Each structure stands twice: as structure tokens, then as C-alpha cells.
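Enquirer: All chains should be modelled from the sequences, with the hints used to inform the complete structure.
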Amino acid sequence: MVKFKNIGYKMHDWTKYLFPICRSLTGSGVRETLHYIQNLIPELKIFSVPSGTQAFDWVVPDEWTIRDAYIDDSAGNRLVDFKQNNLHIVSYSNPIDLWLTLEELKPHLHSLPDQPNAIPYVTSYYSKYWGFCLTHNQLKSLAPGQYHVVIDTDLKPGVLNYGELILPGELDQEILLSTYICHPSMANNELSGPVVTTALTQWLGMLEKRKYTYRIVYLPETIGSIVYLSKHLEYLKQQVIAGFNITCIGDDRCYSFLPSRNGKTLSDYVALHVLKHTDHDFIRYTWLDRGSDERQYCAPNVDLPVASIMRSKYGEYPEYHTSLDDLELVTQSGLQGGFDVLRKAIDIIEKNVYLQTTVLGEPQLGNRGLYPTLSTKESGKEVRTMMNMLSYCDGNKSLLEIAELIDEPFWELTLIADQLIENDLLQKLEKKRE
Amino acid sequence: MVKFKNIGYKMHDWTKYLFPICRSLTGSGVRETLHYIQNLIPELKIFSVPSGTQAFDWVVPDEWTIRDAYIDDSAGNRLVDFKQNNLHIVSYSNPIDLWLTLEELKPHLHSLPDQPNAIPYVTSYYSKYWGFCLTHNQLKSLAPGQYHVVIDTDLKPGVLNYGELILPGELDQEILLSTYICHPSMANNELSGPVVTTALTQWLGMLEKRKYTYRIVYLPETIGSIVYLSKHLEYLKQQVIAGFNITCIGDDRCYSFLPSRNGKTLSDYVALHVLKHTDHDFIRYTWLDRGSDERQYCAPNVDLPVASIMRSKYGEYPEYHTSLDDLELVTQSGLQGGFDVLRKAIDIIEKNVYLQTTVLGEPQLGNRGLYPTLSTKESGKEVRTMMNMLSYCDGNKSLLEIAELIDEPFWELTLIADQLIENDLLQKLEKKRE
Amino acid sequence: MVKFKNIGYKMHDWTKYLFPICRSLTGSGVRETLHYIQNLIPELKIFSVPSGTQAFDWVVPDEWTIRDAYIDDSAGNRLVDFKQNNLHIVSYSNPIDLWLTLEELKPHLHSLPDQPNAIPYVTSYYSKYWGFCLTHNQLKSLAPGQYHVVIDTDLKPGVLNYGELILPGELDQEILLSTYICHPSMANNELSGPVVTTALTQWLGMLEKRKYTYRIVYLPETIGSIVYLSKHLEYLKQQVIAGFNITCIGDDRCYSFLPSRNGKTLSDYVALHVLKHTDHDFIRYTWLDRGSDERQYCAPNVDLPVASIMRSKYGEYPEYHTSLDDLELVTQSGLQGGFDVLRKAIDIIEKNVYLQTTVLGEPQLGNRGLYPTLSTKESGKEVRTMMNMLSYCDGNKSLLEIAELIDEPFWELTLIADQLIENDLLQKLEKKRE
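Protein chains in written order, with our numbering: chain F, 1 to 434; chain V, 1 to 434; chain G, 1 to 434.
No wet-lab data here; the hints were simulated from the structure.
Treat the hints with care, as some may be off.
It does not matter which identical chain is used: a pair holds within one copy or between any two.
[As the list claims (entries may be wrong)] Listed next, the in silico SDA-like pairs over lysine to any residue satisfying Cα-Cα at most 20 Å (straight line): (1) K106 - P120; (2) K397 - N301; (3) K432 - N301; (4) K397 - W287; (5) K106 - N39; (6) K264 - K397; (7) K128 - R67; (8) K128 - R368.
Given the structure is predicted, the values throughout are model-derived calculations rather than measurements.
Expert: So this is what it looks like as C-alpha cells:
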């Protein structure tokens, strides 16, 4: 795995580049983001779905374009400026150009009294509205008087965009990686998602062989996954054996897990295994804590096996949905940790096999030189692990199940398994022994 | 459910009326009790089974009639008088008329040294005996001397009586409600049982429609349920899907639960759900704590799904089987609480369905006006509950199972389900989706 | 069971006799041990397998013979003498006759600094070596100088021996009892094993009838069980329904349990039941703590149902594999306790049946005189236990399962079951009722 060690080392730089772009459900910010990612993974295909398209219970909304938005005081001082921070504008705001008193303006101003230095993130996708967001400190500083309020936006028929990349493997069975690209300048939720997904895709593309086919999608949250499912549901239900919704994966604090609705899919077992052996104190959420695209992927009778491996989960960290979710909160090491756990999870799915001993009873390890091979300073522990593993290789348990039974990381067992296979003590089975 | 709110408001009055009647396994007290209940629910049918009838391993005993029983001192003072309290006589006592010394009398006197103000309840159904019960304080006050002891009873072939009422529903499948009527003047064990059962029967009779058929029986404990099972077992095994043994359901202290032998019947799940959402500290007994007619209904190869929802359980409260189990221990609010939990349990069985979403992915609630409809002060919580419920409506889980998964009371989910069905977002399934 | 009460009363004497014999994987010590056991159970057959025989992944080693071994100082004082304690020699040591300086000798001397009064037990079966073991105190006392080191051994083609005894029962299905005979002078590990096994065999031989056939084997650990399995595996897989590896069963401290690999075999359930009702604080090890012949019997695709009931487990007590594991550590009462739990475990397997009530509903116990029969000082408890047992006799649960459900020892329930069968209230079923 040495050759992959530098994969993803530019993730924080990518985040920095993408950070200022004003993304929303639709519009040029989404396309700009997808084109940047296309530079990193050229096989990415970008799709457009016309406004008004029906998708299950939903309709693709009109496309929103924003050119400018600001509040000037009567002296012409620019107090709030979309060009300084795109969180200042309520997403999907209608166009206006008005002079208002402070009292008239206030119902359209959003701030957070408990976080007076944070600009909140507010959207109004499905009801007509306009509004600005600002820090509570700035709100308090506004003097009575007249304000010139300008929002230069359009909301009219256009398209919804998403990106898709299929990396073929030996099998048609698929692993689904899904991330979203509809939030403006926030780093953990959401840029960590597409950035880590992009690094994973580069890694997957460099693998000499892939057992499974990978379907990687970048789409706006909720409406995007609904549109995508409405186009591909039957095929996905047949082919997807595991999947991850990739979000909130870039800070340095905890690791956390949110299950699929079913809770007992391959994705769930793999995620729990990786996290347990990465961070003993990882946080385990339940389906009732859900809040991202697993709501669609795991909806009744959709039922794709999609779980979430995260660092600080949406809704659970103080900077969530504010301007404080920034390029300092998300770090290169945070992104790298997120990349590593997802890479390990995928690696387990790729390498999970049923193993069977070739000899009955315990093998003679000494004769086969297996003691010395393993004889490092921790050799006693390693021989014990090898014997424990072997004792479960009856062809009825997957290597992941064995790793759970003997409470050792899967990635250590694969190394031992490879040695034992080379020594003809183990054989791989295509599937579970009857 | 507003129209039912006054059901049962006379339960304590009924208890007061029935309290002085001297019930036993057989005899006029049982018939008098059944006739009083027949006034409240005229459809009740009263059955008579002749003494000597074989029922499984048992034989219906002779009928016991008591006219009088007392102990006078040599001066003719009436010290112990059955007419003052029918617990003074050991049930099924033989007739006698004797002058005895205190020493000769004492082996026939029963008291409770640890509860010196309580008259104990003693029976001798299956071996020939006579005896009196009195408070320990009174026993200690008896002076040496001659006592005139009179018991005017008969024990001769007659009948055993029980009451039965069938309330037909849309389906032939049945819910069994069983209670007993063989204890003299004691209120929690037993009058709360027949009284709450009578209020439940009135409520069931007033329902516009019933999905299930209800079989309500009032019978003497043990021999009564054995006789009843011996007549109807095959039909009951085919038709009964749930049932409750109704006893000890009238005091104001705790709620408690005793499972069926199987422990995993619909009755068990429903009872646990109701109790958990009624009284977080309800007491959970096991099958090994059994002691009433579930011993017959759940006997091996009888196996009816009968559980017990109680307040203070027989054998577990200090006043049990004494004169202290009286009209003060059992209150109108205690009876009402007992009625409510049983009514809720029945209501769940009536309303439990399999629900399936009509759309794939999450529905657009805004479009359908479902946010405003629910928009009370707790609307956030309610929308969350609605979405959690919807997320499990895959047609494979009953509403009761969903209520357990999201830890909300069934009766709140039915209200939400009704709204969603009206809005065509949910449909009811006759049975579990394959 | 009174007639068996003296079985095993000579176990400590047997241990004392066998203690000084120098056993190893092969050789005259093993044969001498088997012949002594053959005196106690004459039906024992002794088998010889030639060196070089292939058995699964192993080859039977050459036979090791030791005649003498000692270290003399230059003055001719005998400092270390195999004839004083056979632990002084590393098992399978090559022959030598050398004069060495203390420095040259030291790499071949083994002691335990933490247990300075103990001679350790060391083997070198599969690599050529010679060495002596001695107390650390003695090691420290050795002065610089010349030492005469003599080991008079042979290692050449011969045989590996084991003993086998088949006690036929009504059924061909078998219970396997396996113990090992390859350790020199140590008492808990290992002599308690063959000694308790021999007492169990005497007890089994005296039984009027046996439901199952018993296969009792005495063999060198690891290579012996591998050789044995390689000869009989297919038959054993068909016939063995339960089995125990009998080792470390003679001290007076704790009881302990090590499961089969499967963990849910009859042997496991029976062992856990006996231990729970014998010693509430028994130690429960896992498969990962294994270390004896269960490694072969439960190997992948061997999968015999073999568990271990022990007292102080190998590797878990301070005297393990040292000269301190002696005739004081192992006591007659320790061996008797070990014998008793294994006898009870076997007794449960012999007597476990499916029971079904002959009457529906509870039986009339009074009529049948079952109350008096049981009316001892604890009669209330006994009647309760009888009724609890009866309440589960539906023909679908084995008596062992019922004993677990009502948390009573199996051996008490069989007595009650016999009474109830005599009274025609229970019947035995050949197998589980559909």
C-alpha cells in the first residue's frame, strides 16, 4: 500500500480553492465546482436535468443565479456584501432593490445571538423569500436609518447538475460513494465530502485491479439524490452491495458513524470494524439521528446499503451551518484521517473472502518456517493472532467475521492470510462453504 | 375517543355494591355477582355446570351454601360474626354446632400475628374442615371458657356458575378477556377485576366497529378456567390471537406486568408497550411469578396468548388476602388507571396495521401542507416523529413495531398515520409485505 | 446414586503412584503409565503408532529414551540429578557427556527468577537441543569452575503409544472423553486428567445401563490427538454428540470452563449448567484462551463438540509447568470435586429427555398424593419447583432447557420428573414434539 501514501496530500488545497464558490441546489457555482473536480478526475461526467422534471414526489426547481447582493447605509458604506462572504445571502433569495428603514429591514436579517461572531447559513429553496445573514455583533451595531438593499438574482427554468463516474471492476456488483455539492462557503459540511471523495476516486483509479465496480456521484443533497435514484433505482437495487454517504469528514476531533436504516448491511459492519480499530471512542449515532442523503438511499423500498462514516457529524458541532465551519476547522490531517478510514472500509470490502484451512488439525508451523517469518519483537502476539485466525478458517466465516471474532483489525489479518496462502495452509473460497 | 371519557366512572360504586357479597367457588354469592353484572351488560349469559362434571384433571366440586356462622361466649355475646364480615369464615367450612373450650377452639382460629388488625382470607376447598378467621388482636383478647360455635352451611351437589359474553367483530379472530368471581369481601384481589372488565365490555359494546371478536368471561379462578377450557379449547386455540387475565387492577400504587408462558405473544408486546409509555417504573414479573388463571390458559399445549396487566400484583402487597384489601385501598382513580391501560392495549390490537409509503424517497411535506397542519408549539418534535415513522413504513413492520423502533407511544403514531393516509402518503396493508 | 459414592476415593493414591514416572511424547514412561491405568480399567487397549507415520500435517516423531542425566562439579558432587526430579531435564534432550565451564554451561540452564524455588518444565520436541532445568536459587549458587554434564538419552525410530476404551451403550452415538499422558512429574497439569478420567471410566463401567457409547482415550497432547483424529475422523464426526477434554481438574481452588469452538454444542450447555450450579463464581474462558487438545478436536472441519471443564486452568495458576505443581497442590477433595462435575455433566447427557404433560391445565396434585410425598421442611419451595417444571413440559423443551428456564439444577429436576412419570402426569418423548 506504500504507493498510495501520497494520495490526497492536496486535499486541503482543493478545499481552499473550492471554498469561495457560491454553491446552491442549482446554478453556476455547482457547475464550477464540478469542473474543478473534473480536472482532478477527468473521467467524471457532468449531467444536467431540466427544471420541472418530476422525480418521485419532487420536482426539479428552477435554477438560481446570483450576481450580487449587498446592504449599504445611507452614506453609501457597504455594510453587508455577498462578495465578501456568500453566507451573507439567504440561498434562493428573490431579487430586490429597495430603500428600507432598519425596522423594515430587520425581519429579513438572520443572526445567532449565542454565537455573535458567526454568520449563519440559511436557505429558502421552496418558498419565495429574500434575506441576509450576518453576525449578531454586526446586527447590534446597525443604527436606525435608511438602508439600500440590493439582491441581483434570477430564479428561472434551467438545469440541476450532478457528476457521475463509473470505475469498472471485475464484477458488475457496485460500491456506491455519494457526496453533495450544494453548500456555499463551509468546509466540514460540506467541502470535506467532495474533496475526500475525489481523493478516494484517484486512489481507486490507480488500483491495479478492482474486484467491484465503483459508482461515484457528486450531487445536490436531497433533490439530487432523489433525482439520481429516480433514474437508476432498479439497477442500483440489483447491483449495489455497499455504499457510503460521504460528508463531514474533515475536522480533527472525533470519528462518528451513522447506520443504514437496516443497520445490518455490509456497509454497517465494515464501517463499525474500521472505526472501532481506528478510534476506540468513536461516536455511534442511530438511524433516528439521520439527516443527509441516507434518508433517500435507505428510504422504505429503496433500501440501498448506505452508511455514513464521519468525523464531527452535521448538527453536532458548534460551527455547523455557520461561517465558523471554515478552513481552520478542517485540516489536512483531519481530511487525511477521513480518507484513511474510508479507504480502509473500501479495502475491506475488496479483500473480504471466505478462507478455509487446507490441513485438518493445527498445522506444523515450525516445519514451514512460519515462526521465524513472523519473529519480530511482538512475535508471540503475532503467532497467537495467526493461530486464532486459523482456528476460525472453516470456510463458513468471512475474514471480516473472523476479525470481529478475534478482535483484531482486518488489515492485519490480510497480511497474515497472504502468508498462509503462500504456504498452502489456507485457500480462498469464492463463497461461503455449505 | 372523547365519547368514551365517562366510561367506567361508576366502577368504584359497583365495587362498593359487590363488596359485601359472600362469593366462593360456587353458590349463591357467585350468582348474585353475575346477576349484578348482567344488569350492567345485559348480553352476559350465565352458565351452570353440574357438580361432579369432569374437566381435564379436575372434577367440579359440590356447591357450598352458607347461611350463618358465629362464635358466642358463654354469656351469649356474639364475638365473631360472619354477617359482620364474610372473611370470618373459612371458605367451604363444614356445618357444626358445638360448645368448645378456648383450647379446643384455637386450632380452628386463624389470625396474622404480623398484621394484628387484619382478618386473613382462608379457604379449604378440597379437604373437609371448618374454621374461623379473626384479627390477631381479637384472638389475644379471648378469655378461657366455653364458646358456642355455629356454622350453618351445606356442601352438596349443585352447580358451578360462570358468565360469558361474545361481542362479534369483523373477524372471527378473538380477544379473550378473563376475570374471576370467587373471592369474598376483598377489593383489589378480586373485585377490581370483574369491575374493570365490565367497564371495558361497555366500552367495547359502544364502539362503532370492532375488528376482532371479544370473548369476555367471568368465572371462579382455576376450576372455572379449567372447566371453560375443557369446553372450548379447540376453538380458542384456533381463534384467540390475544388475551388478558384481568385481576388486581384497582389500587393507586404501581402498574405491573406478568407475561404469557411464551412471553412473545401479541399480548405481551402490546402490554409492555402500553405500560412503558404509561409508567416508566412499572414492575415486570416473570412467568415464574405467575399465580392466576394464566396457569391454565398458558399451560403446556393449551398455550393461549394470555398476559396480565395489573396494578399491585397478588401476593405482592401487604393487604393481599386480608380484610385490609378494602374499598379504601381500591379507588376510582386506581380503577380508572387500570381501565385506561387495558383499553389502550385493546386499542392497539384493533388498530395495529402494516403501513407502506406510497412514494419512493422522502415525500415533499411542504407541498402537501403537512408542516402547517402539525405546526403547534411542539411542531419540530412532531415533524421529527412523523419523519421517523415514515422512514420505517416499508410494509414489513407493524405500527406497533415502528412505535417500538422510534420509542413513541402507539396512540400518538396512529393520529399521525391517519393524517398521512388522508394525504395519500401512506397506505394500509392487510398483511406484511413479502 | 448411593452405590457410586466411593468411586474415585483412591484418585490421590493413583496420582502419587504415577507422579515419579518420566513421561514425554513417547517412550517407556508413557507405556508404564498406560499399563498402570490398564490395571485399574482392564478393558483399556494400548496402541502403538510407528515413528514417521504421517498424520494430517504432522509426522510421528522418533521415540525418546532417557536413562540418566546429571551435572557434577569438579569434586564429583552431584548437583543436578534427573533421578531426583525428572523436570531437571529438558524433554527430548540429545545425549551428551562433556566437561564445561559455568559460562559454557549457562546457556543450557533454565530457571525462573520470579519463582526461585521452582524447577521449570521445558521441552524441545521438534528442534535438536539439550538442557537442564533447576531452581533459580540453585543456579545462583553455582560457582565458577568445571562441570561434568551427562545426558544418557536416545532418539530413534520407535512408537507413539495411546490407550483407548470403548464402553458400548444402547445407542451408537458417542460421548468422547480425552485426556493426555505426556507430562513428567506434575500433578494438576497433567496427572489429574488421566486419574479423574479413570475414575469416570470405572463409574461408567458400573452403570446398569448406558444410553450412549463412551470412547475414552489417553494420548500424548497435540500429536496424540492429531494421530487419533487422522485414524477415526469420519466415524467420530458421525457419532460423537458430546465430549470433554479432561485436564487440570485436581486442585481445590476454582472451577473453570473453556468452550468448544462452536460454543453452542451440547457439551457447552451441559458444562455451563453443571458449573453454574456447583460454583457460582466459576471462571468462564473463551475459545481464544484455548491451549489443549480442543485445538485439534474443534479445528476447522474437524468440529467435534468438545468442551473443557477444569479446576485451575493451564497457564492460569502460578505453579503451572513447574515443580510446584505437585501432590500437595492436587488433593483428594480437589480430584473428587473434578470427578463430581464431570460425572454430573455426563449424567445430564444420559438423562436429558423431552417431557410432556399428560393432562391439559394444571393437574390436581392433592388427589394424587403429590403434596405429601414432597412434604419435607422445604415443601413449599419443592412444590413451586415442581409446578414451574410442569409448566414448561410441553414436549418442545428438553429437561436441560427447562432446568435453565427455571434456574434449578438438572439433578433435582430428574428426581421430580421421575415422581411425576410414576404418577402418570408426565411422559417422556423420544424427540422434540413438532
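Enquirer: All hints are to be evaluated individually against the structure, with a verdict given for each.
Expert: Hint by hint, here is what the structure shows:
no. : hint        : verdict
1   : K106 - P120 : within (15 Å within a copy, 76 Å between copies)
2   : K397 - N301 : between (29 Å within a copy, 12 Å between copies)
3   : K432 - N301 : between (27 Å within a copy, 13 Å between copies)
4   : K397 - W287 : between (27 Å within a copy, 16 Å between copies)
5   : K106 - N39  : neither (43 Å within a copy, 69 Å between copies)
6   : K264 - K397 : both (16 Å within a copy, 16 Å between copies)
7   : K128 - R67  : within (18 Å within a copy, 85 Å between copies)
8   : K128 - R368 : between (75 Å within a copy, 17 Å between copies)
Checked against the numbered hints listed earlier, the structure breaks hint 5 alone; every other hint is satisfied.
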